[in-house]
Structure formats: C-alpha cells, structure tokens
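Participant: Chains A and B, in that order, are what the protein sequence lines are.
First residue of the first sequence? That's 1 in our numbering, and the numbers climb one at a time after it.
First residue of the second sequence? That's 1 in our numbering, and the numbers climb one at a time after it.
Heads up, some of the hints might be wrong.
[Claimed, not checked] Cut-off 25 Å, straight-line C-alpha distance, at most; resulting in silico cross-link-like pairs (PhoX-like, lysine-lysine):
| id | chain 1 | residue 1 | chain 2 | residue 2 |
| --- | --- | --- | --- | --- |
| 1 | A | Lys221 | B | Lys89 |
| 2 | A | Lys76 | A | Lys8 |
| 3 | A | Lys403 | A | Lys331 |
| 4 | B | Lys89 | A | Lys194 |
| 5 | B | Lys137 | A | Lys2 |
[Unchecked claim] Here are some of the chain A residues that sit facing chain B, going by a computed Cβ distance under 8 Å:
| id | residue |
| --- | --- |
| 6 | Leu33 |
| 7 | Phe47 |
| 8 | Gly115 |
| 9 | Ala167 |
| 10 | Ala250 |
| 11 | Thr251 |
| 12 | Gly253 |
| 13 | Tyr395 |
| 14 | Thr400 |
| 15 | Ala402 |
Simulated from the structure, these hints should not be mistaken for lab results.
What you are looking at is a predicted structure, and each value in this text was computed from that prediction instead of being measured.
The beta carbon of each residue, even a glycine, is placed where N, CA and C say it ideally should be.
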Amino acid sequence: MKLTDAEKRMLDGEQGLLKQKAIEKVVQYANVLGAEELCKVTKAHLFCGSHPYLRAMNSDDFDEVVSEMHFCSSRKIIFDRVDHECYCQSDVGPMCPMNWQKMRVSEEEHARNMGYLKRYLDAGVQLVGTCIPYLTGFIPLMGEHYVSSESHAVLMMNSLWGACGHADGLEAGFWSAVCGRTPLWGLHKMDNRKGTHVFHIECPTETLLDWDLLGYTIGRKTPTHSVPVLASGFQRPDIVKLKSAFASMATTGGPEMCHIVGITPEARTLKETLGGNAAVEIIGITMDDIAESIDMLCEKGSGTLDFISLGCPHYTIDQLAQVANFLKGKKIHPEVELQVWTASPIRETADRCGYTKSIEDSGANFLTSSCPLTSEKVPPGSRAMAFDSAKQAHYIKPGTSAKVFYGSMEDCLASALSGYWEGR
Amino acid sequence: MKNIVLHGRGVIGGIAEGIAMVSRETIQGWSGVDDRTGIVIEQGHPFEGMSIKDAVLVLSGGKGSNGWSCHFHAARVGGIGPAALIFPKMDSRTGVAAVVTGVPTVTDFEEDPFSLLNTGDLVRVDGDKGTVEIINKKE
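Throw the hints in and build the complete structure from the sequences for me.
Facilitator: This is the structure in structure tokens:
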C-alpha cells in the first residue's frame with residue numbers, strides 16, 4: 001500500500017491513539033478491498049446516538065461502547081475529535097430528541113441518548129439527525145470523497161451530482177471522520193462508475209408511489225456489484241421521487257450508483273453511461289413486476305388499523321405542506337396513532353409556515369431525527385399498520401406479527417382519519 | 001481421496017472451521033440477521049430461521065442498509081458471530097464486515113465457490129494462505 005508521509009506518521013501514532021486506530025482500520029479495509037492508496041474525505045455523515053445495535057456491548061460506558069463498536073478495540077479509545085478538514089453531520093438517532101415521550105421512550109433511555117449525542121457534538125459532529133443530509137447542508141460536489149451511513153443518500157449524492165462515496169458501514173464512517181481518509185477504490189475512481197445493467201421502464205412513473213415501487217423492483221432485479229441505468233420509458237422525476245426510488249432500491253438491492261439517462265450528469269446519453277461497453281443485461285420492468293412488488297409489501301384485503309408512519313426518507317417541506325393541507329381542520333381516528341417524520345431544520349420551517357400546527361392539531365405526532373425502523377419502536381400491541389415507504393414496510397415486516405399495509409401518502413392519510421385500510 | 005481446496009486472496013488472517021452457509025442471494029443488512037440471536041430473519045431468504053453462529057458464510061456481497069457490517073459486528077461481540085467469511089467478490093459492505101468481525105476471510109478465488117461449495121459442507125478457511133478446504137461434503 002502506498003501511503004503519504006502524513007498518513008505514515010498518523011499510522012505511527014504521532015497524532016495520538018484515536019487517529020492511529022482510525023487510520024489503522026482504514027488501511028486494513030483498503031487491504032481487504034485490494035486498494036493501493038487512500039484518498040482524502042472531506043464530508044462524513046455519521047450514525048450517532050445510543051442505537052439499538054450497541055446493546056451488544058451490554059455497557060453504559062460511552063467510551064467502552066465506542067471503542068469496540070466504532071474502532072474494534074478492547075482498549076479504551078477516547079473519541080473526542082474528528083479530522084479538522086472533514087465536515088461531519090449526524091444521521092438519524094434512536095428517538096426524537098424533542099418529543100421522545102410520544103414514542104413511549106423512558107426518561108432513562110432519553111437521557112442516555114442525549115449523553116451520547118453530547119459526546120459526538122463535542123467531538124465536532126453537527127447534530128442534524130437526518131437521513132436526507134443532502135437537503136440540510138451536506139452536499140459533496142462532483143468528484144468529492146465523502147462517507148455516509150444512509151444507503152439512499154449514497155445513491156443520491158453519487159448519482160445526482162457525481163460525488164464519490166460507498167455504502168461502507170457505520171464503523172468505517174467513524175474511521176474516515178477521524179483520520180480524514182478512505183480507500184481509493186471502486187466508485188471513488190471516476191472510471192469505475194459506468195452503468196452495467198440497462199432498464200427499460202414499461203410501468204407507470206407518474207406518482208411518488210410509482211417511483212417508490214420502481215426503485216423497489218429494480219433493487220430486486222439488480223445483481224450485486226452492478227450499476228443500474230434507467231434508459232427509457234419513464235416520465236421525468238423530481239428529487240422527491242428519486243429520494244423514494246433510491247431508498248427502496250437500496251433496500252432490496254446493493255446499488256451505490258444509479259444512472260438515469262438525460263437526468264444524471266454521468267448519463268447524458270446511454271452510450272456515455274455504458275462507457276463504450278455493452279450492457280451486461282437488458283431488463284424490462286413491467287406492470288407484472290410491480291404487482292409482484294406490491295404483493296411482497298402489502299397485506300391483501302382491507303381492515304382496521306392502529307398505526308401509520310409517514311416520512312421515510314424524512315419528508316421535505318413540500319411533503320409536509322401536503323400533509324398539513326390534508327389534515328387541516330380534521331381529526332385523526334381515536335384508535336390510530338399517526339407519526340410524521342422529518343429533519344429538525346425542516347420542522348423549523350414547518351413551524352413558521354403553520355404546517356406543524358395543522359399536523360399536531362389533528363392529533364398526529366410530528367417527530368424528528370429518527371423513524372420506526374431505526375428506533376425499533378412501534379406502538380406496543382399494534383395489530384395493523386401502514387406505511388407510504390417500501391423501505392419502511394419491507395424492514396418492519398420481519399419483526400412484527402401485525403399486518404403491514406403499504407400505499408400512497410394519500411391512502412395512509414385517509415386511513416388515519418377513518419381508522420380503516422380500504423385495500424388496494 | 002484428496003479434499004477439494006479452493007484458492008483465493010486471504011484478507012483477514014487466521015484459521016477457522018465451520019459448516020458452510022452458501023447463498024448467491026446475500027443477506028440484507030437491516031432486518032437480515034437478528035443480532036441478539038444470530039438467526040436470519042429476512043423473509044423468504046433461503047437461510048430464514050437458520051443461525052449464523054459459528055458458520056462459514058459464503059455470500060455474493062452486501063445489499064440493503066449501510067448498516068450491514070454492524071449487525072455482524074454486534075453478533076460477534078455477543079458471541080454469536082460467524083466463524084469465517086467467504087466473499088467471491090468484495091464490495092464496500094462486505095469489506096467493512098470482514099474488518100469488524102475480524103474472522104478469517106478469503107476473496108477473489110481462482111475457482112467458483114458457488115459451484116463447489118454447498119450449504120452443510122464442513123470447510124476449513126485459512127485466511128493467511130487464502131485457501132478454503134472442503135473437509136466433509138454434505139451427503
């Protein structure tokens with residue numbers, strides 16, 4: 001492995017144990033990948049908070065937990081600073097830090113999370129707490145190397161404006177944030193980003209739900225290690241539709257980059273996207289494929305329901321305006337708990353626009369910085385629930401005995417008022 | 001009869017033996033493995049209901065959440081992790097998983113592991129030499 005003098009000094013421990021451990025793991029990771037050198041990382045989106053997977057440590061000691069779960073070290077490492085040239089923002093946490101009581105979180109759990117967040121903040125991580133960092137100031141430019149703990153955010157930032165990142169893993173995000181390096185490998189090299197699998201779309205692509213289902217279906221049909229290309233047959237999407245499509249694509253599949261001909265910058269034409277190579281496979285997405293996805297995601301039939309969650313990925317201010325307009329002056333059914341999730345800076349705007357009042361006056365819980373999936377919290381005793389996100393429905397299903405329904409935001413909001421899922 | 005030996009690139013050192021769990025389907029990150037029990041919970045997966053504890057996982061790659069490695073990491077810390085990892089081709093999710101679980105890992109084979117290995121085979125993984133030996137083929 002070719003390391004710079006500065007990297008060698010860091011590895012030798014000249015800048016302390018924390019940086020030494022971080023670059024040691026990055027070098028190990030680079031060796032596993034077969035990378036020959038490292039590159040500078042200037043943005044890191046990190047999975048901060050007292051998350052459920054950390055319970056494996058069976059410890060309340062932040063330093064002990066972080067040493068093992070971030071840096072794989074049984075020796076205590078004090079995580080007290082990130083690299084000064086790497087801008088860091090937090091991803092979602094395990095609960096809403098403001099309205100945690102509405103999630104039935106205990107005072108103790110809340111206090112533990114706030115204690116954890118304070119340590120990340122003190123180390124230099126801005127506590128934004130969202131899965132949509134690209135709408136809250138975390139915008140790596142074309143060719144800029146970054147790390148992110150959110151799978152769809154990687155698809156968005158790589159595909160839509162040519163930034164360079166990978167799925168990596170939660171631990172690798174912290175390594176890079178601390179030492180400011182990641183292996184120069186894969187999508188970090190512009191030559192490796194060509195499309196491999198070409199998709200022709202033969203199903204509707206008009207609504208947000210259409211795009212959510214399209215992403216889910218492409219993810220199912222994309223083999224590992226491939227770069228899908230949407231070549232033809234679709235209506236022009238906007239960023240909200242792609243937010244949903246990429247979230248569901250990175251649920252059923254592993255893509256870290258997806259070209260859309262005529263939309264994304266590395267795909268002005270199909271020929272350019274493929275880089276002179278023939279497509280590995282050409283795939284059509286039909287109505288039958290979409291129907292199969294709906295069958296996988298949504299319980300058949302109709303019935304009463306008691307829990308609905310909207311806002312995966314976190315809602316934009318436009319989406320919140322739609323929810324607020326729908327709910328204004330109405331009351332949700334007394335047997336239904338409706339959660340609406342967004343990022344805290346977007347909620348601030350919703351407060352100013354009056355959307356928060358309309359949502360909360362209806363009886364809904366307006367929450368930030370997490371989701372049912374990340375928090376692993378759904379109301380106890382729920383018998384039937386609904387989501388407008390394939391990602392949320394797909395991941396919640398294996399862990400619950402409740403019926404899971406899936407539909408549009410409008411389907412879900414109508415059910416929130418009636419307490420009844422009308423069926424598809 | 002001589003045992004079949006596959007040759008690849010050893011990326012995490014050490015030697016481990018275990019029963020192979022082979023899937024071209026990979027396992028999804030979130031809601032794939034219950035990190036408290038080691039049981040695969042992904043619906044419709046060929047491994048659904050099976051435990052990864054002490055197994056030699058042979059997977060095509062990672063998919064789903066970027067929180068892929070952390071579930072294998074948490075399983076290892078809880079004493080219910082895999083014994084070794086075999087990834088015919090490495091990607092970013094599996095690369096981090098190999099580092100954080102720290103168990104013997106081999107990749108980039110001369111042979112095709114999916115055509116030679118089957119779930120239930122007893123195999124020995126040597127992460128230093130980069131070999132996988134089939135000790136006992138499942139009948």
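Participant: It remains to establish, for every hint, whether it holds in the given structure.
Facilitator: Going down the list of hints, with the structure as the test:
no.	hint	verdict
1	Lys221(A) with Lys89(B)	holds, 19 Å
2	Lys76(A) with Lys8(A)	holds, 23 Å
3	Lys403(A) with Lys331(A)	holds, 24 Å
4	Lys89(B) with Lys194(A)	holds, 18 Å
5	Lys137(B) with Lys2(A)	violated, 42 Å
6	Leu33	holds, 5 Å
7	Phe47	holds, 7 Å
8	Gly115	violated, 20 Å
9	Ala167	holds, 5 Å
10	Ala250	holds, 7 Å
11	Thr251	holds, 6 Å
12	Gly253	holds, 5 Å
13	Tyr395	holds, 4 Å
14	Thr400	violated, 10 Å
15	Ala402	violated, 14 Å
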